[in-house]
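K.L.:
Single-letter residue listing:
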Amino acid sequence: MLRLILGRLIGGVFVLFVVATVSFFLLHAAKGGPFDSDRAVPEAVQRNIEERYHLNDPLWKQYVTHMERVATLDFGHSMKRQKSVKEMIAEHGPKSLRLGLMAMVFAAIFGTALGVTAAARRNTWVDYTLMVIALLGISIPSLVLGPMFIRWFSLGLGWFPPARAEDFSGYVLPALVLGMIYAGTVARLARAGVLDTLSQDYVRTARAKGLTERVVVWKHALRLGIIPVITYLGPATAALISGSFVVEKIFQIPGLGFYFVGSVSDRDYPVLTGLLVFYVAFLVLLNLVVDILYGVIDPRTRGAR
Amino acid sequence: MAERPHSPWRDAWRRLRKNRIAVAMGVIFLSILAFCWLGPIVAGWFGLDATTIDIALGATPPSLDHPFGTDLLGRDMLVRVMIGGRIAILVAFVATSVALVIGVTWGAIAAYAGGNVDYVMMRIVDALYGFPTVVFVIVVMSVFELRSLVALFALIGSISWLNMARQTRGQVMSLRHREFVEAARATGVAPARVLFRHIVPNAMGVIIVAATAGLPSVMLTEAFLSFLGLGVQAPLASWGTLLTEGSSQISVYSWVLIGPGVVMGLTIMALNFLGDGLRDALDPQTRKD
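Going line by line, the protein sequences match chains D and A.
Here the first sequence is numbered in my numbering, starting from 1 and rising by one per residue.
Here the second sequence is numbered in my numbering, starting from 306 and rising by one per residue.
No lab work stands behind these hints: they were computed from the structure.
All of these numbers come straight from a predicted model, not from anything done at the bench.
Just so it is clear, CB atoms sit at the ideal spot from N, CA and C, and this is done for glycine as well.
One should not assume that every hint holds.
[What the hints assert, rightly or not] To list a few chain A residues with every Cβ distance to chain D over 10 Å, as calculated: (1) Trp350; (2) Leu395; (3) Thr410; (4) His503.
[What the hints assert, rightly or not] Per the computed footprint, the stretches of chain A lying under chain D, defined by three or more beta-carbons under 8 Å from a beta-carbon of chain D, are: (5) 440 to 453; (6) 528 to 534; (7) 545 to 557; (8) 570 to 582.
[Said to hold, decoys possible] A few chain D residues that don't get close to chain A, going by computed Cβ distances all over 12 Å: (9) Val45; (10) Pro58; (11) Met79; (12) Gly93; (13) Leu97; (14) Gly170; (15) Asp201; (16) Leu211; (17) Glu213; (18) Arg214; (19) Ile227.
Pulled out of the complex, with its shape left as it was, chain D reads as follows (with noise of 0.2 Å):
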């Protein structure tokens, strides 16, 4: 377990070092800047911004001030804002935690639900309506589904904020759209999973100390049977992050996928750079979370690989 948790530590650190410098000179390489404009700027205020900047440093120096900056987590300040980008990930980060986290809790419970009870009676009409429900969820784009919603449950029912959200109310809407493509996939997975343990010794043998056929699938098949489910939500929540741009433009949610799309067009290149790095480190950590609960619910990978 150790010798795993070092190794994707190592694996995750060096994915960072690659991802810090492939972005760098990626940048270094693009057209145009954060401070190119139509007007011109006089010659002394061009020489301050880049000796701010250290636009002017050779090429080693800029990407080792850069590497250094990003190994003590220090990104530098916004070239667009009156912020550094700590602060921006301090304030608006916790906006999309909070909406992912909304979204992932959603898919989670209400996938399973669906899937296990869809395989707790497979092939009846309450399984075929369960899985075009999943299937539905998986193919209506978040951008056909989100302004939808804002029709009917914000301007239509006026049940929810349509945009903007402050409290829980507003982030009910873009987390039930961010979640649904996830909670049909999961509800799909989780009816497979739990399928394919329903056949197993262990599901026989609890069936046959006369346990409910409730206590078999939601206690004993289920354990075994989320393990796809919980493999799929690691990739999940990455894309779930790419997914939330999306979503928080639409509902206008100023989170950290608003700035960090915003910041790609204004070629603000520390955030930009700090928001990737952030984005890839956060993900490592959760995917090496995602690795230790497998051994937790399943012992039999305890050890393995």
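Given the coordinates of chain D, assemble chain A onto it according to the supplied hints.
P.N.:
Frame of chain D, contents of chain A only:
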């Protein structure tokens, strides 16, 4: 390959045909292809096209003249959806082909080389798997101001090959010590040829399944990039572009979103079901129920 009575392709075809849902979804998908490629021609007979602007008409709800309504500029939404579908489907197929080439090559080489090469190559796949790859596409596209369709194909393709590589590797692993491979090797066939002429064709079933399953997410990626203003550029329009337009007008003109949204959702659903059906037909070992 169809002449031999017990060709695996023929067996698979028979299994697929028996799967009523898969057949229905296949028919739906073919209809959507016809809708997008033949539809505009038919609509032309009724005097509809995607470009005629009629400001005086403006946005009108669906009617007999314009079954999907019209957009703000008075353009017919039905034909716009058809034309947008051509681009969306084209991007999906070409980008998936790019992913297919990268993924199959990567997975096949990893499995065939084995040992440390395999280990390193698959760890790279693992690392990329937990990585917000779309983020990199956003950065590359906007930083280099890439706005062409070719760039879109290449970039979406270059992030969509991971699953393909894993599937191919698994399949090649199980094939590489089979008799026909040993036989080919014994007769002195070069390794690259053994791999790509003898092993990979036999892994085609799994590869096709992975490609079909990947199409919907590629489609969504395109829509997503268009939404951020990085995808297909005007005057071309894809479903992603239409959805973006529609989503900004949802509070007033819902049909501008509903038309393309329903057709795109239907396409993705058909592809998802078709992917399931193909997996059951081509890859019987992984059948889930």
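K.L.:
According to the definition I'm using, a residue is off the interface if its beta carbon is farther than 10 Å from all beta carbons of the partner; does His503(A) meet that for chain D?
P.N.:
32 Å, holds
K.L.:
Count the residues of the stretch 545 to 557 of chain A whose Cβ falls closer than 8 Å to any Cβ of chain D, and tell me whether that reaches three.
P.N.:
holds (count 7)
K.L.:
If you count the residues of the stretch 440 to 453 of chain A with a beta-carbon closer than 8 Å to a beta-carbon of chain D, do you get 3 or more?
P.N.:
holds (count 8)
K.L.:
How about the stretch 528 to 534 of chain A: do at least three of its residues have a C-beta closer than 8 Å to a C-beta of chain D?
P.N.:
holds (count 5)
K.L.:
Are all beta-carbon distances from Met79(D) to chain A longer than 12 Å?
P.N.:
Fine: 15 Å to the nearest Cβ keeps Met79(D) off the interface.
K.L.:
Confirm or reject: Gly93(D) is not an interface residue toward chain A, with every Cβ-Cβ distance exceeding 12 Å.
P.N.:
Non-interface label on Gly93(D) holds, nearest chain A Cβ at 15 Å vs cutoff 12 Å.
K.L.:
Using Cβ atoms and 12 Å as the threshold, tell me whether Ile227(D) really stays out of contact range of chain A.
P.N.:
About 14 Å separates Ile227(D) from the closest Cβ of chain A, which puts it past 12 Å; holds.
K.L.:
Minimum Cβ separation between Leu97(D) and chain A greater than 12 Å?
P.N.:
15 Å, holds
K.L.:
Beyond 12 Å from every chain A Cβ: check whether that's true for Glu213(D).
P.N.:
18 Å, holds
K.L.:
For Gly170(D), is the shortest beta carbon distance to chain A beyond 12 Å?
P.N.:
It holds; Gly170(D) is separated from chain A by about 17 Å at its closest Cβ, greater than 12 Å.
K.L.:
Are 3 or more residues of the stretch 570 to 582 of chain A near chain D, judged by a Cβ distance of less than 8 Å?
P.N.:
holds (count 6)
K.L.:
Verify that the Cβ of Leu211(D) lies farther than 12 Å from every Cβ atom of chain A, and report whether the claim holds or is violated.
P.N.:
Non-interface label stands for Leu211(D): nearest chain A Cβ at 23 Å, farther than 12 Å.
Against the hints set out earlier in the document, no violation occurs for any number.
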